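K.L.:
Assemble chain B onto chain F, guided by the hints.
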Amino acid sequence: MPDSYQPLGWGPAPFDERDLDALLSGETADVPMGLRQVADALAALRAAPTLAELSGESTIIAEFSALAEFSALGLSQATRDGGQAHTLVLPVPPSDVDRRRGARHRSRRPPHRVSRRTGALMAAAAAALIVAAVAVTGNLPGPIQRLAHLSTAPRAAASPSARDSASPNLQGKGAAPERSPSRDTRAPSPQVTQQTPPVSPGAALCRSFYGYLGHPGSDWGSTLKAELSVLMQLNKLAGGPMRVASYCSPYVHDLLANGIPLPDGPGTHLWPLLPDPGQGNQGQQADPGQPSASAGNASPANGTAKGNIR
Amino acid sequence: MAILLREGAFCADTLHVVGEEFAALLAAAQGGSHDAFAVLWRDANPALLRYLRVVASEHAEDIAAETWVQVVRGLPRFTGDEASWRAWLFTTARRRLLDQARLRKRHPTEPLDDISVSDVPRTAGAEQTAMDNIATEAAMALLSRLPEQQAEVILLRVVAGLDTDVVADMLGRSPGAVRVAAHRGLRKLATLLSGASVTL
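As given, the protein sequences belong to chains F and B, one line each in that order.
Residue numbers for the first sequence follow the working numbering, so the first one is 1 and each next one is one higher.
Residue numbers for the second sequence follow the working numbering, so the first one is 1001 and each next one is one higher.
These aren't lab readings, by the way, just hints derived from the structure by calculation.
A hint or two may mislead.
Chain B is faced by these chain F residues, among others (derived, beta-carbon under 8 Å) [as the list claims (entries may be wrong)]:
| no. | residue |
| --- | --- |
| 1 | Leu-20 |
| 2 | Ala-22 |
| 3 | Asp-30 |
| 4 | Met-33 |
| 5 | Leu-35 |
| 6 | Ala-47 |
| 7 | Gly-56 |
| 8 | Glu-57 |
| 9 | Glu-63 |
| 10 | Ser-65 |
| 11 | Leu-67 |
Predicted, not measured: the structure shown is a model, and the values here were computed from it.
Virtual Cβ for every residue (Gly too), placed ideally from N, Cα, C.
The shape of chain F in the complex, shown without the other chains:
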């Protein structure tokens, strides 16, 4: 039946899929009568913004400004140091660590056998450090804390002041990463908080690593890989895995206030693998003022949000 013979008010005039596609594309020049009201509704959806829809601008601009300042501060600090860029240690999502390591460090790494052995030794040392130190502070999950209790001697309870001081001291301008991993894993973003800058890159790394030992947080498992990366950098700075403790001792006394008492004597405190501060013997340590040439291999989270988001 031709359209013109339809009684008035007997439903909308016929239209086809091409008309609907045109509506969706914003082409309203030849809209059938039956779609006129729909076209008006869609045009209303596209109408000019209201005041309410533009009222949150100041808040988002403030957020934008804050992030822009963080980025600018990170750059300006490097130039003030005469071009010697400090290592910016950022949390790396676990899924990205191995891929990034493979792409960036393949040409610099020693032969596989040596690097794997060294990595295994360092991972074992780090695991032992983490288990022992965190068990002191009581921040481990239950099963691992029970294991630590079985293997360590009776220890002094971690003081509240030590716990409280651990978190503020983790924050350093352009140096210490936040502990909690980002929820939005599609586009990982660097999370940097600010305070006074460390004296050297080694100091920042030491405080980051030992701060983690003292206060790993509930998501310690997800950040463990990142901390192992920090430990590897400290290894290079200090000149060996067994020198990391003495290298870091000047920087981390306040992070582990009580340390771990030795089994053979009450009142004898020893930092995790650190020399006894009371004896004045700092052991062999690299000069904190002269970071090693191989330092600074950490890379910022560098996910690229491409236009074609999937």
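P.N.:
Coordinates of chain B only, in the frame set by chain F:
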């Protein structure tokens, strides 16, 4: 930097909302320019809010704010043209929406007050603005009566200005299914409008 949006621009025409200045705007915003970022925000936020107010109702403002925070953080790494920019923005919003929905299931909260028509200043020309606002609100209310997927597809195609393939990617559907959903939604809108004699 004073860059004006093209007047009367349809959001469906994603190539020309901000227009040729988009690349320069984006570069300036990535370089830290507040003004450039403000232009991008003013261009996209109304469409974002309208989308969220239909699919998320009382949580639209919160989700929009969280979306923009994510966008600001990811802005230095974004690459693409204006269509890609909108796709990224609405994809981020949709993810926040799903995250919020999951969170609300675990921790139910009281709903916020209904969003009312914006408070328009009583000046000359305000009447037309008020009429436009009412028309927009009425259109969104009408869209809320559609099945969720149909409403969402129409919003993403019309308000966000995304093409069928991009919408299909976002929703995890085929382009054909997206097209069918959009057509069904428009047909239902036609039925609702003809039957209710709604004036927009």
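K.L.:
Confirm or reject each hint.
P.N.:
Structure-based check of all given hints:
no.: 1; hint: Leu-20; result: 5 Å, holds
no.: 2; hint: Ala-22; result: 10 Å, violated
no.: 3; hint: Asp-30; result: 16 Å, violated
no.: 4; hint: Met-33; result: 10 Å, violated
no.: 5; hint: Leu-35; result: 6 Å, holds
no.: 6; hint: Ala-47; result: 5 Å, holds
no.: 7; hint: Gly-56; result: 7 Å, holds
no.: 8; hint: Glu-57; result: 6 Å, holds
no.: 9; hint: Glu-63; result: 5 Å, holds
no.: 10; hint: Ser-65; result: 6 Å, holds
no.: 11; hint: Leu-67; result: 6 Å, holds
Checked against the numbered hints given earlier, the structure breaks hints 2, 3, 4 and satisfies all the rest.
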